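Undergrad: Chains as they are written, first to last, in full-length UniProt numbering: chain A, 1 to 135; chain B, 1 to 384.
In short, the hints are calculated from the structure, not lab data.
As the structure is a computational prediction, the values presented were derived from the model and not from experiment.
Cβ coordinates follow ideal geometry from the N, Cα and C atoms, glycine included.
Simulated restraints on C-beta separations:
{"hint": "1", "chain 1": "A", "residue 1": "Cys40", "chain 2": "B", "residue 2": "Thr197", "range": "45 to 55 Å"}
{"hint": "2", "chain 1": "B", "residue 1": "Gly363", "chain 2": "A", "residue 2": "Arg92", "range": "39 to 49 Å"}
{"hint": "3", "chain 1": "B", "residue 1": "Thr356", "chain 2": "A", "residue 2": "Thr101", "range": "51 to 61 Å"}
{"hint": "4", "chain 1": "B", "residue 1": "Thr30", "chain 2": "A", "residue 2": "Pro106", "range": "39 to 49 Å"}
{"hint": "5", "chain 1": "A", "residue 1": "Pro106", "chain 2": "B", "residue 2": "Thr191", "range": "33 to 43 Å"}
{"hint": "6", "chain 1": "A", "residue 1": "Pro39", "chain 2": "B", "residue 2": "Met58", "range": "20 to 30 Å"}
{"hint": "7", "chain 1": "A", "residue 1": "Ala8", "chain 2": "B", "residue 2": "Arg234", "range": "50 to 60 Å"}
{"hint": "8", "chain 1": "A", "residue 1": "Cys30", "chain 2": "B", "residue 2": "Glu226", "range": "45 to 55 Å"}
{"hint": "9", "chain 1": "A", "residue 1": "Ala103", "chain 2": "B", "residue 2": "Gln179", "range": "52 to 62 Å"}
{"hint": "10", "chain 1": "B", "residue 1": "Gly71", "chain 2": "A", "residue 2": "Ala18", "range": "55 to 65 Å"}
{"hint": "11", "chain 1": "A", "residue 1": "Arg92", "chain 2": "B", "residue 2": "Leu278", "range": "28 to 38 Å"}
If we take Cβ atoms under 10 Å as the criterion, some of the chain B residues that face chain A in the derived model are:
{"hint": "12", "residue": "Gly133"}
{"hint": "13", "residue": "Thr136"}
{"hint": "14", "residue": "Arg137"}
{"hint": "15", "residue": "Met150"}
{"hint": "16", "residue": "Ala152"}
{"hint": "17", "residue": "Ile201"}
{"hint": "18", "residue": "Pro204"}
{"hint": "19", "residue": "Ala247"}
{"hint": "20", "residue": "Gln248"}
{"hint": "21", "residue": "His250"}
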Amino acid sequence: MLTPVTDADGAPFWEYAAQGELRVQTCADCGEPRFPPRPCCPHCQSFAGEWRPVSGRGRVWSYVVPHPPLLPDYAEQAPYNVIVVELADAPRIRLVGNLVTHAGAPLGSFDPDRVRIGTRVRVVFSGGLPQWVLA
Amino acid sequence: MAGTGLKDATAIVGIGQTAFARQLPEDERTLACRAVLAALDDAGIAPGEVDALASYTMEETDEVELAKAVGLGDLTFFSKVGFGGGGSCATVAHLAAAIAAGQADVGVAWRSRKRGSGPRPWTGTAVQLPTPGQWTRPFGLLRPADEIAMLARRYMHEYGATRDHLFNVALACRNRANQNPAAIMYDRPLTREMYMTSRWISEPLCLYDNCLETDGALACVVVSAERARDCRRRPVYVHSAAQGLPAQHHGMVNYWNDDPLTGPAWTAARHLWKHADLTPEDVDVAQIYDAFTALVPLSLEGYGFCGRGEGGAFTEQGALEIGGRLPLNTGGGGLSEAYVHGFNLINEGVRQLRGTSTAQVPGAATCLVTAGEGVPTSALLLRS
Ligand SMILES: [Zn+2]
Chain A
1 MLTPVTDADG APFWEYAAQG ELRVQTCADC GEPRFPPRPC CPHCQSFAGE
51 WRPVSGRGRV WSYVVPHPPL LPDYAEQAPY NVIVVELADA PRIRLVGNLV
101 THAGAPLGSF DPDRVRIGTR VRVVFSGGLP QWVLA
Chain B
1 MAGTGLKDAT AIVGIGQTAF ARQLPEDERT LACRAVLAAL DDAGIAPGEV
51 DALASYTMEE TDEVELAKAV GLGDLTFFSK VGFGGGGSCA TVAHLAAAIA
101 AGQADVGVAW RSRKRGSGPR PWTGTAVQLP TPGQWTRPFG LLRPADEIAM
151 LARRYMHEYG ATRDHLFNVA LACRNRANQN PAAIMYDRPL TREMYMTSRW
201 ISEPLCLYDN CLETDGALAC VVVSAERARD CRRRPVYVHS AAQGLPAQHH
251 GMVNYWNDDP LTGPAWTAAR HLWKHADLTP EDVDVAQIYD AFTALVPLSL
301 EGYGFCGRGE GGAFTEQGAL EIGGRLPLNT GGGGLSEAYV HGFNLINEGV
351 RQLRGTSTAQ VPGAATCLVT AGEGVPTSAL LLRS
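So here's chain A without its partners, still in its complex pose (with noise of 0.2 Å):
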């Protein structure tokens, strides 16, 4: 499977993830959130960033079900879902993930043929990446 490379400003929300919380990298100054991390906010030019805690719900907002030709590691798990998730409190902000049965399970685990945009998703972590359940 391949793991996160991450780069300076995306570190911290792999940090953050690790110990099992989902962080927002928001401007110190304006208040605004963004993804992905950058090292200034678009919407007032401040370089004062802090990585605040979000509730970690959120609901699908579009989703595909990759099929081979994959890479090995994940052709083995085809077909499964990959989901955007538009976070509750934040609903600009949308994550790539994965829809599992519960912490830990494997890509494949939720039928794909049951993911719907807008149903309601909960973070969970599983080896340092977060992943999502039904709410």
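On the provided structure of chain A, position chain B with the ligand as indicated by the hints.
TA: Just chain B with the ligand, lined up with the frame of chain A:
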């Protein structure tokens, strides 16, 4: 010349290409040389007169190697455009701008690619995953098809677009390829049943929603409108040209934008029409970038052929076929002629305005050519 704009200041006077196939024996550099020489021969211009080059940043054959191999003159302008298939039309636009500004006289744009037999970028696992790969690839969103399928699903959900609409796009391209002996899908008709029962690549996109993996190369020659009058072929004027990188855009994964379904096409279109004497109603034929069928309805909306959310419905009743409102990708496009990062769409646009297409639109005098939607893009409005 400064400040007078690009409008009709330059023209495409030569086009060239190699064969298209899943596998060609020659390497990319050799194919690039063949396409460039073919385009210059078509224009009736000697290689020694070329003083400008433009291609994609993803092009492997660099300017030094190409110029040396085919015997180009002293180059005074060279440019490369980023973002893969978003760069195609911009290569011509950069040459047009350079020539209009007096930086060069004879420009060649080209793309050579062995995507059919060569490696595909998404298969790399050892390479560092750059931003935004860290946000997508661990979760199995691996390929361009997966990234665009995510937008396609949302688009279909929001606007009621259907797989039949995507099929209409695939069918129009295939029907035109069936008329084009140079197309990879020349003798291979497509039916609705084949489409609906084909294997999935990334739901909601199936096999026929995806472009062809192709080996091949293409090139075209750009000169001033004045010079064009003395060339061998009827000039095809660059009436308007634009690039588009919208505010807060994220290439391929634009679902991080505030309004993900208005992509780079919208930005490019605003500039394109602002500097044109024409409107979408005046376009006789369109070559719209089709790495995936779902990009076409998004582009139809972005370039103003229909309202927002109406791109799917626009494809109904044969609108994209010859005789329809907007004949599409008349050489077969990336879906059925060849996928060479969209450069074949430029050459086909030129053929339409010369009146030499294998699927000629009678009396075609204006053609829109677009580059990849979903990434920072570019577009050309060509006229005869
Ligand atoms: Zn701010």
